[in-house]
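J.: Please build the complex by placing chain B on the supplied structure of chain A, with the hints as guidance.
The residues making up each chain are set out below.
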Amino acid sequence: MNNILCMKWGDKYDDSYVEKLKEQCEANCSVPFKFWCFTDKPEKDWHIPIPTILDKFYDKDRGFFWAYRKCYMFRPDLINGDGKSFPDNSKFLFLDLDVIIHQDLKYFFDLPNDKPWIVRGWWNDIHTVKQNYAKHKSTPLNSSVIVWKKGQMMPVWDHVLKHPEVVFFTSPSLDNYLAHHWYDPWKEDDGFLQGFPQGDIYSWYKGNVFPHDMEKKKIREDHKICLFNNSTQTEGVNTDEIKELW
Amino acid sequence: MVDISAESLVATAMFFSSSPEVFFDDLRPAKEWKQAFVDTEKHYTHCCRSLASATTISQLESKKWIVNELQNLNLEPKVVGLLGGWYSNFLTPLLLEKMKVNFIWNFEIDRDAKDISYKFNKRYKDQEKYQCHITDIMFKEIWRKEEKYGAFDVLINTSCEHMFPMRRFRELNTELSGNPIYVLQSTNEDEYDDHINCVNGPEELAEQAELTDIMYSGTKILDSGMKRFMVIGK
Chain A
1 MNNILCMKWG DKYDDSYVEK LKEQCEANCS VPFKFWCFTD KPEKDWHIPI
51 PTILDKFYDK DRGFFWAYRK CYMFRPDLIN GDGKSFPDNS KFLFLDLDVI
101 IHQDLKYFFD LPNDKPWIVR GWWNDIHTVK QNYAKHKSTP LNSSVIVWKK
151 GQMMPVWDHV LKHPEVVFFT SPSLDNYLAH HWYDPWKEDD GFLQGFPQGD
201 IYSWYKGNVF PHDMEKKKIR EDHKICLFNN STQTEGVNTD EIKELW
Chain B
1001 MVDISAESLV ATAMFFSSSP EVFFDDLRPA KEWKQAFVDT EKHYTHCCRS
1051 LASATTISQL ESKKWIVNEL QNLNLEPKVV GLLGGWYSNF LTPLLLEKMK
1101 VNFIWNFEID RDAKDISYKF NKRYKDQEKY QCHITDIMFK EIWRKEEKYG
1151 AFDVLINTSC EHMFPMRRFR ELNTELSGNP IYVLQSTNED EYDDHINCVN
1201 GPEELAEQAE LTDIMYSGTK ILDSGMKRFM VIGK
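Just so you know, the sequences run in chain order A and B.
Under the numbering used here, think of the first position of the first sequence as 1, with each following residue one higher.
Under the numbering used here, think of the first position of the second sequence as 1001, with each following residue one higher.
In isolation and in its complexed conformation, chain A is listed as follows (with noise of 0.2 Å):
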């Protein structure tokens, strides 16, 4: 069974990004698959109420930027918006709602499954990327899309809900967390998550692959999906450019 899942708390994105990336999975997706989001405010049939449990970790203080409450969606005992638990051979595809589908999402259910996927963020410098990497700062991955099959991501939520007060502390986003114990820049194809391949996805703040396509607020339709989100805005903030592009 494919899932689809997206997530939604706050006011920083309107009710309608979700309508629109449920619009576009269903014309970009040419296998079955179910659409879920995860909202603090479930009313459909399709929503799944959001837990809260690591909410008291979270310093907004800090000035972190932290969608913390992606991390429920690794959950190897996820309910579905049914009440029920996905089955065991259920595949899961997130998707930020901030992104532009340009081809047949059924790639993303094909991939092998040995490992999560998750964005390598190709427009990245790999060496600024080690450089900063003791800082906790410039991640070479990208949350905007991750791939995984049930309990895959086991590993991840029990490692969060094991230390949440040294994780909340020390990383100052999900990406870098992610990238910090789950990845390894020198060793990129050893991690417990893989990235991407180059051409898949790239960034409309950011570009494509450094050095050489790094052009800005550029479509490439020959890639499957296009991110808009900018860690460099402020928390809660969104600026809607994206939907000129709908």
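Hints listed in this document are in silico derivations from the structure and should not be mistaken for laboratory results.
You may find that some hints are simply not true.
Stated by the list, open to error - Covered stretches of chain A (chain B as the covering partner; in silico rule of three or more C-beta atoms under 8 Å from a C-beta of chain B): (1) 132-140; (2) 179-192; (3) 198-206.
The model shown is predicted, which means the values in this text are computed figures rather than measured ones.
C-beta atoms are modelled at their ideal positions from N, C-alpha and C, and glycine is treated no differently.
T.: What follows is chain B alone, placed relative to chain A:
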């Protein structure tokens, strides 16, 4: 041509001249340092700036401060652990040569720092007096490392401002066989975004580590103008 900052040149000169009994007749350390700078510029270009930051008069001051106070306390540690020891270009030679430490572990998360630390400390690595181990000390215990070279006498963390409070490290390492002395440094300088855990003084630093037996507590204004705190205790 290696591009080394004037500050690093001066700090290096000060470091070598501060230990003439060690470096006067033996040119190997100087040659290893030269090669370390050359190799970093050639193969680890992205580390040049941080190496320059690690090789300043202030860095030398703060590392010599440790050695001076350990000597003032008449301590003679044999096995020392550096927690986040970075390139350890100053501290490892100072501890091994000035304090006659037998073995130094450096626990680091940065693989490039490990490689470069081995270049600066090549002779000590070859003599099996220095080893760098890649780990995150706030998530994984280090006490099992005692099996190889013996119990830690002293554990030094000169970058507490970059980490979760040290009580966490102690919780992870309750099985350390000895009763190591902690040497901790930090600052109140919070203008850097990687300074995630600044403290207001040595008292707060000791409190964070839950030290109860304070052997030394002090504050120093470094050459850079940064206020640095240090506590030594158990």
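J.: Take the hints in turn and mark each one as holding or not.
T.: Each hint, compared with the structure:
no. : hint    : verdict
1   : 132-140 : holds (count 5)
2   : 179-192 : holds (count 3)
3   : 198-206 : violated (count 0)
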